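J.: For reference, the chains in residue letters:
There are 2 protein chains.
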Amino acid sequence: MKEKGLLIVLSGPSGVGKGTVRKALFSQPDTKFEYSISMTTRKPREGEVDGVDYFFKERAEFERLIEQGKLLEYAEYVGNYYGTPVDYVRETLETGKDVFLEIEVQGAKQVREKFPDGLFIFLAPPSLSELESRITNRGTEDEQLIKNRMETARKEIELMNLYDYVVENDKIENACEKIKAIVVAEHCRTTRVAPIYKKILEAE
Amino acid sequence: MKEKGLLIVLSGPSGVGKGTVRKALFSQPDTKFEYSISMTTRKPREGEVDGVDYFFKERAEFERLIEQGKLLEYAEYVGNYYGTPVDYVRETLETGKDVFLEIEVQGAKQVREKFPDGLFIFLAPPSLSELESRITNRGTEDEQLIKNRMETARKEIELMNLYDYVVENDKIENACEKIKAIVVAEHCRTTRVAPIYKKILEAE
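Chains A and B, in that order, give the protein sequences.
Residues in the first sequence are numbered consecutively from 1, following the UniProt record's numbering.
Residues in the second sequence are numbered consecutively from 1, following the UniProt record's numbering.
No lab work stands behind these hints, which were simulated from the structure alone.
Some hints here could point you the wrong way.
Since the list gives no way to pick one copy over another, a pair counts as held whenever it fits inside one copy or between any two copies.
Computed list of lysine-lysine pairs in DSS-like fashion (alpha-carbon distance at most 27 Å, straight line) [what the hints assert, rightly or not]:
1. Lys155 <-> Lys199
2. Lys147 <-> Lys199
3. Lys147 <-> Lys198
4. Lys43 <-> Lys70
5. Lys114 <-> Lys70
6. Lys43 <-> Lys180
7. Lys23 <-> Lys180
8. Lys155 <-> Lys4
9. Lys199 <-> Lys57
10. Lys32 <-> Lys171
11. Lys171 <-> Lys43
12. Lys32 <-> Lys180
13. Lys70 <-> Lys23
14. Lys23 <-> Lys114
15. Lys57 <-> Lys43
The model shown is predicted, which means the values in this text are computed figures rather than measured ones.
Model the full assembly from the supplied sequences, consistent with the hints where possible.
T.: Here's what the structure looks like:
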């Protein structure tokens, strides 16, 4: 009974610790998803290996791949392109393996349009729930600082609504455990399981 | 940041092993949900304790409780009533704790009507996925037996669609792990988390 793999997208505001959580996840022996390596036009840094850390490409080639629709998502940061090659993602999903992307929020929006069935996880800063005690202990905190934090929080909550799940990055291990639980649970969703059973019956 | 508890409903076809899985879950130290004790009019068996195994009630009282709407779900089996007292469920959920019910499929339907936001888990017999190899190895199996199994499977798949998740009871430990992962994941769903954050901001 073979199921197509899940596309797991981890994203969240910059500085929330997406990369750290992703590395921790992939250092655990029981993590069963495949990491999709990004493509970039920036130069390799000391020790970085092509095909391991990134697929390093020339600018002209990256732009040609964009035109050919070979990127699931891409963005430009400080003059360099970063993106996710779509073929690896599609081929891996077809083999039944789950694919894991760790990308910026702009990229996540692009992926949602192409893979509405993907599993979108928003990594939230712990400051969001710390906000509660700040608001409660108002007198002891700087008023303008609270207002700024609340404004940021409002934007983060807006972003959140594009995702299926929210995982607070209070501790890396907690965040990893929750992400793994979400993937296990998602494989048990009736909307994913029932069609497989139906297929078995119809195949007879 | 307090969230209302989740109502977790474990159900499935009779004989699938709901009781065994529930007992295994509650024997684990990291299981954090509260078990809702059923009410019954059957006589206590040797060693059964009122308020531990069941709440034992007289028939007249049970019927009065039904009339008063004090049962979340109930059914009659071999001349005895079995049901779930609603007050315990509501009060425990209010304190933020998750409540776990292990009930028959008829009862689960009744609960779905009253708690559409509940977490409904269908425990599926492993025979459902074994069916695939049976169909494939057709020649070696009794034709009528396969037909009967397929008919049962069809009904089980119909039932399944009323649930959010399907957990195959291939091994008790696997089923327990999956149920726990589903509960963790459900607490991370954006539809549950975002409103809590919003409330914090609005409360200021």
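J.: Now, for every hint given, state plainly whether the structure supports it.
T.: Cross-check of the supplied hints:
| no. | hint | result |
| --- | --- | --- |
| 1 | Lys155 <-> Lys199 | between (43 Å within a copy, 14 Å between copies) |
| 2 | Lys147 <-> Lys199 | between (54 Å within a copy, 16 Å between copies) |
| 3 | Lys147 <-> Lys198 | between (53 Å within a copy, 15 Å between copies) |
| 4 | Lys43 <-> Lys70 | within (21 Å within a copy, 69 Å between copies) |
| 5 | Lys114 <-> Lys70 | within (12 Å within a copy, 48 Å between copies) |
| 6 | Lys43 <-> Lys180 | neither (33 Å within a copy, 44 Å between copies) |
| 7 | Lys23 <-> Lys180 | both (14 Å within a copy, 24 Å between copies) |
| 8 | Lys155 <-> Lys4 | between (34 Å within a copy, 25 Å between copies) |
| 9 | Lys199 <-> Lys57 | neither (42 Å within a copy, 46 Å between copies) |
| 10 | Lys32 <-> Lys171 | both (21 Å within a copy, 20 Å between copies) |
| 11 | Lys171 <-> Lys43 | neither (32 Å within a copy, 50 Å between copies) |
| 12 | Lys32 <-> Lys180 | both (9 Å within a copy, 18 Å between copies) |
| 13 | Lys70 <-> Lys23 | within (26 Å within a copy, 51 Å between copies) |
| 14 | Lys23 <-> Lys114 | within (26 Å within a copy, 43 Å between copies) |
| 15 | Lys57 <-> Lys43 | within (9 Å within a copy, 76 Å between copies) |
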